[in-house]
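Protein chains in written order, with our numbering: chain A, 1 to 314; chain B, 1 to 409.
Don't take every hint at face value.
[Said to hold, decoys possible] Straight-line alpha carbon distances no greater than 25 Å define the calculated PhoX-like cross-link-like pairs of lysine-lysine that follow:
1) 303(A) x 408(B)
2) 19(B) x 233(B)
3) 85(B) x 8(B)
4) 303(A) x 233(A)
5) 302(A) x 408(B)
6) 408(B) x 233(A)
7) 8(B) x 20(B)
8) 92(B) x 14(B)
9) 233(B) x 233(A)
10) 327(B) x 119(A)
11) 8(B) x 92(B)
12) 8(B) x 71(B)
13) 39(B) x 19(B)
14) 233(B) x 20(B)
15) 71(B) x 19(B)
16) 233(B) x 26(A)
17) 39(B) x 14(B)
18) 19(B) x 408(B)
[As the list claims (entries may be wrong)] Restraint ranges, calculated between C-beta atoms of paired labels, are given here:
19) 47(B) x 119(A): 31 to 39 Å
20) 199(B) x 81(A): 41 to 49 Å
21) 54(A) x 22(B): 42 to 50 Å
22) 304(A) x 36(B): 42 to 50 Å
23) 36(A) x 94(B): 42 to 50 Å
24) 5(A) x 311(B): 44 to 52 Å
25) 353(B) x 221(A): 53 to 61 Å
26) 304(A) x 214(B): 39 to 47 Å
27) 304(A) x 152(B): 27 to 35 Å
28) 222(B) x 304(A): 35 to 43 Å
29) 119(A) x 327(B): 19 to 27 Å
Hints in this document: simulated from the structure, not taken from any laboratory. We treat Cβ as the ideally placed atom computed from N, Cα and C, and that holds for glycine.
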Amino acid sequence: MQSQSFAQRYLAMKRDRIAHGWTLAKRNRGCYLFLAPYAILFITFFILPVCTSIFYSFTYYNILEPPRFNGVQNYINLILQDDIFLTAIKNTFVCAVIIGPVGYILSFLFAWFINELPKWLRAIAVIIFYVPSIGGAAFEVFLIIFRGDAYGWFNSILMEFGIINAPYLWLTDPRYMMTIVIIVSLWMSMGTGFLSFVAGLQGIDRSMYEAGYVDGVRNRWQELYHITLPSMKPMLLFGAVMAITNSFNVGLVPRTLCGFPSTDYAVRTVVTHLFDYGYARFEMGYASAIATILFVVMILSKKAVSALLGRVGT
Amino acid sequence: MSEINTVKSNGTLKLINGKKFRGELVAGETGAAFYVKGKQEPFAEWHYARMNRMDNIRRGGTSSQITVILKDDTRYVFELAQGLKLYSHMDKNWVDKPVRQKTRGDILHEQAERLGEKIQVPKKHLITRRHPNRSIGGDIIIYLVLFLFAVAMAFPLFFLIGSSLKPLDELFRFPPPVWPSHPTMDNFSDLFVTMGQSWVPFSRYLLNTVLITAIGTFGHLVVAGMAAFVLAKYEFPGGRLFFALATTFLMFASGVVTDIPNYLILSRLGLVDTYWALILPAFAAPIGLFLMKQFMEGLPTALIEAATIDGASRIRIFWSIVMPNVKPAWLTMIIFSVQGLWNNPAGTIIYSEAKKPLVYALQQIRMGGVARTGQAAAANVITVAVPILIFIFSQSRILETMASSGIKE
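Full structure from sequences and hints, please.
Written out as C-alpha cells, the structure reads:
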C-alpha cells in the first residue's frame, strides 16, 4: 500500500514536471521561433553530418552505388588490416600528446606573462602571438624557410655556421618531418584559447590579489596556483576544447608542407588518412569509420580534461 | 536631495546576503539614493562623503555593474542599464576621494623637513611595482623569455613579408637575406598581371569572396544572435540541452572531420557549386553562438524586463535593445566568421571556375612552382592581410567579448 502510494506520488510528480515544462514551453513559444533558423541550420550542417558519418561507417559506400550494409567490417579492416592506419594513429597520438598539452600550457603561460605588461605593449604582444593562428595560409612560408636546397633559409644558416655541409631535406626526410610539423603546429596553436586566457586574466578581480597578499601569498607561483587558476576555470575549459580540436585535426599542415602522401607515410595522420579515403579513393564508408573513431576519441579527451580541470586549485 | 542635475537609471540592487531588489538609482550632486519599485521612501541613501570606494565593471554598451562601499563597510552592488553615465556623474561629484598613497620617498622627505635637513632621495619610487609579491629577477627572466618567443613567433611572418618584397635576384641569392636590400613591389604588380591574364578575371574572384564573406557574416550575426538571445535570457525546455550540444560541437566545427558527410548533405540539398554551399553552414558556426550567448548573459535582465513591461515585442527588444548593447560581441563574431569564410578555398564544394573565391585563385598561383616564388609570397601576403588587419583594429573589443568566453560546468 505504502509503495503504491509512493509510485503514485512519483508518477504525479513526473506528470507535474511534464505539465510544468509544457506550460513553460507554451509561454515561451516565441523563443522557439527565434531559435529555429539557427537550430535548423545547425542540425543540417553540424549534427546531421556526424550522424550520417556514424551511419555510413557501418556500410560499404562509394557514392556511385547505394550504400551496402556490412556491419563492423570497416572497423575490423581498419584495426587488423590497415597498416597505414596504425601509422596514422601513432602519428596523431604523438601530435595530440605534444601539440595539445604543450600548446595549451604555452598559450596559458604566454597569456599570463603578457598580462603583466603595460597596456600598449600588451596589445602588441597579443597581436604577435595570436596572428599566426588566423593567418590561414601564412604557414606556407615554412616551405621557403625549410626548403631542401641551399636557398632554404634554415639550411643556409646552418651551412653558414658550419653545422652542416650539405643541405638537409627537412620536408622530405622522414627523420625530421614530424618535428617540423609539430613546430609549425605549435606556432599556430596560440588561437582562440589564448585570446580567452588573455581576456580572462584581465577580468580577475584585483581585490582577490590584494587579499591574497595580505593572507601571505609570497610569490607569483603561489598566486598562480591559489588565486589565478581557480578563477580561470571556465576559460581553461574553453581553451582545452580548442586545444583538443587543434591537436586532433592536424592534417592541413603535413599535407601542405610534406606533400600528400608524405615520404614513408612519416607524417600521415588520421585526418590525412580520412582525406585519402574520402576524396582520393571515394571509399566513404571506410572514411566515415575513421571519422567516427576520431569523434569518439575527441569527446573522451574532452571528458578527461574537464575531469582533470575540476581538481585544479582545490 | 535637490531635484536638479540628477542622473537616473533602472536596474537592480544586490545585497551581500544575495537579496535582489529592482528599482531606480538616482544620483545627485551631493549624494545618491536607491528607490525600490513602487516605494516612495528610498531603500538606501548615502552622502558622497560617506563613500569609501566605488568600482565599475563594464558589461557592454552602457550597462555596468557598480559597487559602492561606504566607510562603515556597507556594500551595495548595482546592475544598471545606464551605468556608465551614472558612474561618471557620481565620480565627478565625489570630492572626498581617497588620497594617493604616500611613497617611501614622501615619508623620508617629510621626516627630513621636520628635522630641517636636506636629503637627496627622489620623491617617487625608483621602481613602481604593481605586485608587491614579485621578485625583480623573476620579472626579468619572464620578460626575456617572452621577448625571445615573440621574436620567434614574428619571424616567419616577417620573412614572408620580406620574401614578397624581394626582387628576383635576391630570391635566389645564397645565403638568402631575411629582408631584401632593395625592396620592390614588382611581385605584387606581376601578380596582378598574372591574375589579369587568367581565364576568369581577377575582379570576379574578388567579387565572389566579398559576396560570400559579407552575406555569410551578416547572416551569421543575425541568425546566431537571435538564437543566443533566447538561450541567454529566457528559460525554456530544451534550451540548455541545445546549448550544451552547441558547446560540444565547438570541437567538430573546424570542418575537417565532417567534411565528407557535409559534402554528401550539400549535394543532396542541391547546393553544391553555389555560393550557398559556403554561406549556409557559416550561418550556424557554433563558436559565434557560443561567444554571443556568453556575452549576452552579462546584459542586465532588468533592461529586458523593463522593455517587456513597456510592451515591446521580442523582435523589437532583440533588434533595438539587445543587439546595440552587444557591439563588442559583433566584432568578435565578424572576425571569426570572416576568418573562416575568407580562408576557405572551397576546392571541393564549388567547382565552377567563375564561382571560386579569391583564396582559391591565389592558391593556384602559389602552386605555380619556382618561377613564381615571388608572386606566391605576394599572393600569400594578400590572403593573410585581411583577417589580421581586422583583428588589429578590433582587438580591444574582441578581448572584451572573450572575457565571458568560459565554459561553466
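Exercise for the section: Tell me, in ascending order, the numbers of any earlier hints that this structure violates. Expected result: none
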